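Residue numbers (this note's numbering), protein chains in the order written: chain A, 1 to 311; chain B, 1001 to 1301.
If you're looking for bench data, these hints aren't it; they were derived computationally from the structure.
Everything numeric in this text was worked out from a predicted model, so none of it was measured.
Don't take every hint at face value.
Unchecked claim - These stretches of chain A come out as covered by chain B in the derived footprint (C-beta under 8 Å, 3 or more residues): (1) 48-56; (2) 94-104; (3) 229-235; (4) 246-254.
Stated by the list, open to error - Partial list, derived from the structure: chain A residues whose beta carbon lies under 10 Å from chain B: (5) M42; (6) L45; (7) K89; (8) R111; (9) M239; (10) V240; (11) V243.
Just so it is clear, CB atoms sit at the ideal spot from N, CA and C, and this is done for glycine as well.
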Amino acid sequence: MSAPAPFAGGHGRLASFRRLLASDVRYGLGAVAPRLGLVVAMTLLVTFMSAVVLLVHFPQAGHVTWGEAALLVWRGILPYSPALGEPFKFPMAWFALLVAVCYMAADYPFRDLGGMGAHLIVASRSRWAWWLAKCGWVVAVALACWLATLAVAAVVALASGGGLALGVRPAVAAVLNAGRSEVVNAAASLVASGGGAEAAAADATLAVWPAMLAALACLVAILLVQTVFSLLVHPVVGMVASVAVLFFSAYFRVWWLPGQYLMLARTDELMRAGFHPWAGALLALGIAAVAVAAGGLVFSRKDILGRDDDR
Amino acid sequence: MPRRSGAARATGRASAFPALVHLELRRAFAGRLFAVCLVLGVGIAVAAAVDSIVRYRDFTAEGLPYLETSYRSQFAKSAFTQWMPMSVLRSVPNLFFFAAPLLVALAYSWSWRSDLMGGYAAQLLTRAPRGRVYAAKALAAFAAGATVVGVPLLVNLAVVLCFVPAFTPSIVDVVYTGLWVRVFLSSLLYTQPVLYVVVRLALDMLLAGLWATAVLAFSCLARNRVAIVALPYIAAIVVKYVSENVYMLVGRDWGSLTVLDQLKARGDAYYYGWGPVLLDAAVLLVFSVVVPLLARRRDVL
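Whole structure, please, built from the sequences with the hints as guidance.
Right under this line is the structure:
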């Protein structure tokens, strides 16, 4: 069944935007719902594999808190140093999840533009309204994926008996190689010297939730940039752009790559001289603003009827 | 008499497989997305070459003043060790190999589903057997995929060769190159590097071509073009991730299993040998053949 016409009544760009956004959130999210299943499946896989690794190396851990379960999925890697001569071991768990998220947001605007969307642009009399509604849809997709990973983490935490505590025990961060601060290093030494039980009994004092919020903001920013490439070139080229950003973020330790803030291991809570979540949030805000503005400007001048490639 | 188009010539003779292949090759290599993929690949390759040259100059400049007094691996970096598949410690070459499966698939592997949905396939399939049309398309997808990987590798080597001497690398300097004895075909690299380049290039083009035909086969099952390109890529990531974790947990490894690793000299977590390469190639080949055969009874029009 096709979507009802969002322009049955009412005028004005704001009204157009509101109706388009409501339509996109309702039908656009429905269109990519199976892909959310892929994101959930990927989250479950990553959580399971990481939990096995944690239990093998730290059997005294016993349970995981909500924050620790989130860390299993979002930890990424510590900064890489090519000078040490070791090959770059890419954080595949983190990457697999984020590629699934990028796939979820890859092509709905592109396909919509090739179908009903072109008619809606004419009906709404505003390309900007259509574009901003699609940006709203991207935010909704990012939020849905972020919440899905947190929901899986909550289920895992409750099932393991860890409860919904938001903190992380230093020893868990140390065993997962997701931190390099005085506290985490001390916990690592304790576990290595046979004090696993003592380390497991420690309080979950490391707060990673500010970093999780920054991760959401940066995810939105990356997906908005991907959507710009998707509409202007091709959805797969948009995905390649996202892959490049994620890859360079894992490889380099520079503040201006948004992927840094998607790795909890690199936050200042877990790593000495790590990245502050506020910096990530501000960076995400800047990137998102540029992506929305640049995408809207280019899209408002783009030929949308002369496209002969399929969807 | 007006000259007939490629499509008209190909479909005018139902048994003309070479004409079909010619038609598909022309469509593949003249396509906009193929050009986009090639430009992206070559762009990354040139960036990697510039990075290689700068690193070579810095490294050599540091060591040359000590040439007469001490050995500081002044000649550790040659054009062969600075070539993209060998630069396992650097970012830009790694990016190329991470993005390559996406670019290879985007080049032409979506075209079977695209032709079916656009109605173009109806013109071909009413004039030629489906098997021949598909085989011609598979050959074109293979060629396009191999080209999207092969040309950037060649461009990278050519640019590097313009600035970096092509002497035979020495195993003595392995700590600077990361190309240890366990690296696939390393004995060839340290004795006959030109032959190594030829074999490496052929192997990469073969794997890329097989990946392209496997994605084409997957398009018999999926309808969305982005899904056709992205889902096999996600599957490769999952295989790499799961296998590496299993290796770590059981304490031994059977080698890197996916094209993400096998397109370069060594995987970023594990080495590989002939076994994993042949296994990967066999899986891609079987998938490329079996899926279209199983789907041959499906209504395509």
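Outcome of the hint check:
Against chain B, the segment 48-56 of chain A contributes 4 residues with a C-beta closer than 8 Å to a partner C-beta. That satisfies the three-residue criterion, and the hint holds. Given a C-beta distance limit of less than 8 Å, the hint that chain B covers the segment 94-104 of chain A holds, as 5 residues qualify and 3 suffice. Check result for the segment 229-235 of chain A against chain B: holds, 3 residues qualifying (beta carbon to beta carbon below 8 Å, three or more required). For a cut-off of 8 Å, the count of residues in the segment 246-254 of chain A with a CB near a CB of chain B stands at 4, and the three-residue condition holds.
Using the Cβ-Cβ criterion of 10 Å, the hint placing A:M42 at the interface with chain B is satisfied: the shortest such distance is roughly 8 Å. For A:L45, the suggested interface contact is upheld, since its CB lies about 7 Å from the closest CB of chain B, less than 10 Å. Here the hint on A:K89 is kept, as its CB sits about 5 Å from the closest CB of chain B, short of 10 Å. Interface hint status for A:R111: upheld, as the beta-carbon distance to the closest one in chain B is roughly 8 Å, under 10 Å.
Checking A:M239 against chain B by beta carbon gives a least distance of about 6 Å; that is within 10 Å, so the hint holds. Given hint, A:V240 at the interface with chain B, holds; its Cβ is 5 Å from that chain's nearest Cβ, closer than 10 Å. Look at A:V243: its Cβ gets to within about 6 Å of chain B, closer than 10 Å, so that hint holds up.
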